[in-house]
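On the provided structure of chain A, position chain B as indicated by the hints.
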Amino acid sequence: MSSTEHTAGTHVHRDDVGSRMGMWLFLFTELILFGGMFLLYSVYRFQYADEFHLAAKELNTIMGAFNTAVLLTSSLTMVLAIIAIQRDQKALSILLQLITIFLALFFLVNKYFEWTAKFHYGIYPGGEELLAKSSGEILFFGLYYVMTGLHGIHVIIGMFLIAVMTRQTRTGTINKDSYVRLENAGLYWHLVDIIWIFLFPLFYLIT
Amino acid sequence: MTANDAAIKTNGHEPSYLEYKGKHTGILGWILSTDHKRIGILYLISLSIFFLVGVAFGFLMRLELISPGRTIMDAQTYNSFFTLHGVIMIFLFVIPGIPAVFGNFFLPILIGAKDVAFPRINLMSWYLYLIGGLLAVVAILLPGGPTDTGWTFYVPYSIRTNTNVMIALFAAFILGFSSILTGLNFVTTVHRLRAPGMTWFKMPLSIWSLYATAWVQVLATPIIGITLLLVAVERWFGVGVFDPALGGDPVLYQHLFWIYSHPAVYIMILPAMGVVSEIIPVFARRTIFGYKFIAFSSIAIALFGSLVWAHHMFTVGMSDTGQFIFSLLTMLVAIPSAIKVFNWVATLYKGSIDLSTPLLFVLAFIFLFTIGGLTGVMQGVLSIDIQIHDTSFIVAHFHYVMFGGTGFGFFAAMHYWFPKMFGRMYNRKLAKTYFWLMFVGFNFLYFPMFIMGWLGMPRRYYDYLPEFHSYHLISTIGSWILVAGVLLMVYNMYHSVRKGKIVTEKNIWGGETLEWQIETPPIHENFYDIPVIETDPYQYKMNDEKFEKEVVS
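Protein sequence lines, in the order shown, are assigned to chains A and B.
Counted from 1, the first sequence has number 38 at position 30 by my numbering; the numbering is strictly sequential.
Counted from 1, the second sequence has number 278 at position 271 by my numbering; the numbering is strictly sequential.
Next up, chain A with everything else stripped away, as it sits in the complex (with noise of 0.2 Å):
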């Protein structure tokens, strides 16, 4: 054991294939997380099945398709940016990662109005009109404001990581040799997409 050319502290670790597995391990938890939500919707749904599709018809579906289609653009957009990266057009994907923001801000004011549409006519939780409702009706609504809740705050994550992913662009610290941090962010925000992708059907499709 000689010590001779060892320098103590600067040991740099850099390993890709590392840190994609630390995302996708990451990305596990987050579909488990959801996970026990569809589980509750799927058990609620079993048991009140004609309530589900009675509260259903109160949500607008092309409202939610839109939505779907600015989600999956954005996907493209961000899969786009990884690949521009990855010829060293470094403009190019700072451009598709600006329109993904942009996309996802547009998701969430679509979300807004939605909501605020509903809080409108008193669907909200402890809201008069909901409490009148059924049972099953009450749990549909929990259900769609806190997934579609969590989910919008997954969307306002992912909107930040972007960001600080065009600062780092910007900067070079990301470039064609060395883009890790994008494609995990695009593992990300795709996770983001295939989350909704689930939510769409369930909530605005079973009428």
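These aren't lab readings, by the way, just hints derived from the structure by calculation.
Nothing here was measured: the structure is a model prediction, and the numbers come from that model.
Where a beta carbon is used, it is the ideal one built from N, C-alpha and C, also for glycine.
Take the hints with a grain of salt, since some may be wrong.
Stated by the list, open to error - Quick list of the computed label-pair ranges, beta carbon to beta carbon:
| id | chain 1 | residue 1 | chain 2 | residue 2 | range |
| --- | --- | --- | --- | --- | --- |
| 1 | B | I138 | A | E136 | 35 to 45 Å |
| 2 | A | L139 | B | V323 | 25 to 35 Å |
| 3 | A | Q55 | B | K30 | 30 to 40 Å |
| 4 | B | L70 | A | T181 | 57 to 67 Å |
| 5 | B | T322 | A | L62 | 26 to 36 Å |
| 6 | A | A125 | B | P257 | 27 to 37 Å |
| 7 | A | Q97 | B | F300 | 54 to 64 Å |
Leaving out everything else, chain B in the frame of chain A:
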């Protein structure tokens, strides 16, 4: 660290991780350090403090129960005390316990790595742990009064009570996040950072158990996260999820809670089993018996353990089929657990046994865990469970497993690795004394609970019938003996870190795993050169002669 620590530094070596000077010095050098060893020590300190707080609550509960009726506190205080004892001991001591302290310190060393895969996330998980722990403590002090729901937070009571449930829920949520990050880190580390030549079956057995644990942490913890979050949302906004008044189903809460919290008991026990597998071969001076069986039984326990949660709920009115399946699976867990016990005993057989303190704790582990495990199988039997459900029999059972198992495993690990971690030796004579105090006190404290539980003493009750008095009295006296032992141990550790006899030998116990081939205490990056692994982890026959020579010289 004080000046006389300079003596630890031996000629020509790099400074140990204790003296290493990085970007920051003083206390910042510790709380901003991403060195897995320093983080392990940070965990050790914070965990010990929370452990002592938990002990204090348990001690006071026992004191209240020394005689029927009111003794030192009212019923509401008692309810808060068992809640706090449970929350602190479970979320702040046994769950993080061995992985956070010894896993952090030794996992990278045992696989021949310089650090974990994500050192900064590792530090972050300690901060989350600390924030969660402080929140749990703050919940005691704030107006509204300490949480009184029990550590299980069962709805609808947890939605209705006016005590500080919200803060406790957030504390548990944050602690869960900390646990996930540790698990994620360990899985990635084991996959990516093993030293060249260290194939899966050349890994020390503690790595197998930490690996299995890490997977359970990653896959089970999110469920408790979302469940507690839903309770919080329900309390906060009145969203209907579990509350029966809004059509919800409280039994679903129990399912979701135990989907995490049962696997969580394997998060608690598996690392302790790893420690036992590590210590036995060293002090029996024999190659571990049935390496692959022990390794795979860790995986099997993690797997089966994730599918048995509903045995906590046999009395809620599940379908007979459901009960039958969960009962069967519960008993299946006993198989891999027994495989481990048999292999440990077989390793001791015809070994050259050195009854040092680490081994004493390990033997106590095997004894207590076997009692705890077998009574666990009893509870898995549907008909018996109806008799003993929610009685102090259950309390006795899980203390035998969690404290007698994990707790003693933790103490074994501490007495085994202490000289390596601090470069100092504890008072070994004193260690044996308090070991016996703890072992005897433990059995006095918990064994009467089996008997009175069987006779019908419910758990979590503030008052009891006169016929249970003698059992409660014995149990409380046992708690005094146990606490005396614990305090002596804490004194011994605290004193020895600063003033214990200095150890510079690399291999004080004659172990074969990698941590015994590096400096004592380890240098900042553990290894001068990353080792290349050629042999299995426990090659005693081959190396015994060499070891004897070293000891003689």
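Exercise for the section: Note whether the CB distance of I138/B and E136/A lies within 35 to 45 Å or breaks it. Expected result: holds (38 Å)
Handout entry: Pairwise beta carbon distance, L139/A to V323/B, judged against the given window 25 to 35 Å
Key = Since L139/A and V323/B have Cβ atoms about 27 Å apart, the given range 25 to 35 Å holds.
Exercise for the section: Check the following: the C-beta atoms of A125/A and P257/B are separated by a distance inside 27 to 37 Å. Expected result: holds (32 Å)
Problem - Assessment of proposed distance window 26 to 36 Å (beta carbons of T322/B, L62/A) - result: holds (35 Å)
Practice task
Note whether the CB distance of Q97/A and F300/B lies within 54 to 64 Å or breaks it.
Solution key: holds (55 Å)
Problem - Supplied distance hint 30 to 40 Å, evaluated on CB atoms of Q55/A and K30/B - result: Since the Cβ atoms of Q55/A and K30/B sit about 58 Å apart, the hinted range of 30 to 40 Å is violated.
Practice task
Just tell me: holds or violated, for the beta carbon distance of L70/B and T181/A against 57 to 67 Å?
Solution key: Holds: the Cβ-Cβ distance is about 58 Å, inside 57 to 67 Å.
Hint violations for this structure: number 3 only, all remaining hints satisfied.
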